[in-house]
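There are 2 protein chains.
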Amino acid sequence: MKKVIIASTSTLHGSSYLEYLLPSLKLHFKDCKNLLFIPYARPGGISHDEYTAKASEAFAKINISVKGIHEFENPETAIKNAEGIFTGGGNTFLLVSQLYKNNMMQLLSETVKNGTPYLGTSAGSNICGLSMQTTNDMPIVYPPSFQTLGLISFNLNPHYLDPEEKSTHMGETREERIKEFHAFNTIPVLGLREGSWLEVKGEKITLKGNLSARLFLKNQLPTELAPESDLGNLK
Amino acid sequence: MKKVIIASTSTLHGSSYLEYLLPSLKLHFKDCKNLLFIPYARPGGISHDEYTAKASEAFAKINISVKGIHEFENPETAIKNAEGIFTGGGNTFLLVSQLYKNNMMQLLSETVKNGTPYLGTSAGSNICGLSMQTTNDMPIVYPPSFQTLGLISFNLNPHYLDPEEKSTHMGETREERIKEFHAFNTIPVLGLREGSWLEVKGEKITLKGNLSARLFLKNQLPTELAPESDLGNLK
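Quick note, the sequences are listed as chains A and B, same order.
Going by numbering that gives the first Met the number 0, the first residue of the first sequence is number 0, and it counts up by one from there.
Going by numbering that gives the first Met the number 0, the first residue of the second sequence is number 0, and it counts up by one from there.
None of these hints come from the bench; they were simulated from the model.
Everything hinted at is true.
Pairs of lysine-lysine residues, derived as DSBU-like cross-links and limited to a Cα-Cα distance of at most 30 Å, are as follows: (1) B:Lys-165 to A:Lys-207; (2) A:Lys-100 to B:Lys-100; (3) A:Lys-207 to A:Lys-53; (4) B:Lys-234 to B:Lys-207; (5) B:Lys-165 to A:Lys-165; (6) A:Lys-1 to A:Lys-207; (7) B:Lys-203 to B:Lys-25; (8) B:Lys-100 to B:Lys-112; (9) B:Lys-100 to A:Lys-217; (10) A:Lys-112 to A:Lys-217; (11) B:Lys-66 to B:Lys-200; (12) B:Lys-66 to B:Lys-207; (13) B:Lys-217 to A:Lys-53; (14) B:Lys-165 to A:Lys-53; (15) B:Lys-53 to A:Lys-217; (16) A:Lys-66 to A:Lys-29; (17) B:Lys-234 to B:Lys-79; (18) A:Lys-29 to A:Lys-112; (19) B:Lys-203 to B:Lys-234; (20) A:Lys-100 to A:Lys-112; (21) B:Lys-32 to B:Lys-112; (22) B:Lys-79 to B:Lys-100; (23) B:Lys-53 to A:Lys-165; (24) A:Lys-100 to B:Lys-217; (25) A:Lys-112 to A:Lys-60; (26) A:Lys-79 to A:Lys-1; (27) B:Lys-1 to B:Lys-200; (28) B:Lys-207 to B:Lys-2; (29) A:Lys-165 to B:Lys-207; (30) A:Lys-234 to A:Lys-112.
Bound conformation, chain A alone (with noise of 0.2 Å):
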């Protein structure tokens, strides 16, 4: 059965790493004492090696310990004989070019699918969508496809941010370039507020957090979901 969980951010302001996930990880990997940690959209700043200790901390509280696929010889096997996986945040561009680079896409959507346990934060759940033009990010390298794992039917746009009202700023507000993405694109696109997560358990898809979450489909206004919603079938 698919397990995964679908982050909007890694962290809240104001708390550590991971922190106010780790109740709910503690559950959603119960059964791993060892994660296999993907540090790809990893833009610089800190090295994978760093990304992956910073990783190892959070889940040390869990006792579950971290390994970054960085230090395997052969990534295509510890995609297949992990645990558990998770993929940081990071720029979701860099993390699409990388995952097809190493030809990992279409393996680790297989994977998880066939039921190891996995974790996205930001990028690393950008990417457990359809495709990933629904990012924020910028596009610092050109990744070969837009294609993502479609662990979900949907698109999803983390960090959702809600317009300001007295802004004086004409660059376009996220609900406005969401709007523009279905100009192109039928795909549900779901914003999902720094807090929320998703919950996907085989075919069922929980909105998880205290907040709300707003969906956006082709030529329909806007919805809010209240926590709970079950999305299993948005498509």
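Position chain B relative to chain A; hints supplied.
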């Protein structure tokens, strides 16, 4: 001689379309009675005809008539014969895709480099740089390349936004995104605030408007450039 105006935004909050630029545009296009308008960036909302009408209305105030490139049977000839060219804003991924699809990227670049006066706003400014990789837009379509017109030897970030000091949002700031770009690219990036524009005359590039602009170079701290700064040597 190359004659280009590259504006952060078409519209300032509280004023009408192109209003703040009209005195400069009157000089810039002083030898033009007719302008060719490229509306390709517009991702729906209004049609190419309606977008062209909006540009026409603004340019009528300085006695220049405007015709959309979509109205021409042969768009290549339209570019070659244009007295002046204006590319409006919208979505840069869409604009770049359309320019490649219609086989216009190289022709437009050559035409402007050969002296046809050009105005870009927002997405129409983004394409003046070496690549569109510092756009703020959402990747709603997949372009065949991120390379753009290369009218100047650096990249632009239009609608540049300073970080909000009191923000609790965990998404990347504009400055952080540009730093990510520099993890993989050496091209300088100029953050152009709304109300700023570049005036390119041959090899001379001058920052115009009342605001400073923020310059990002790989592995260096960002700096502020005062109005009237000369960017001709930036590469």
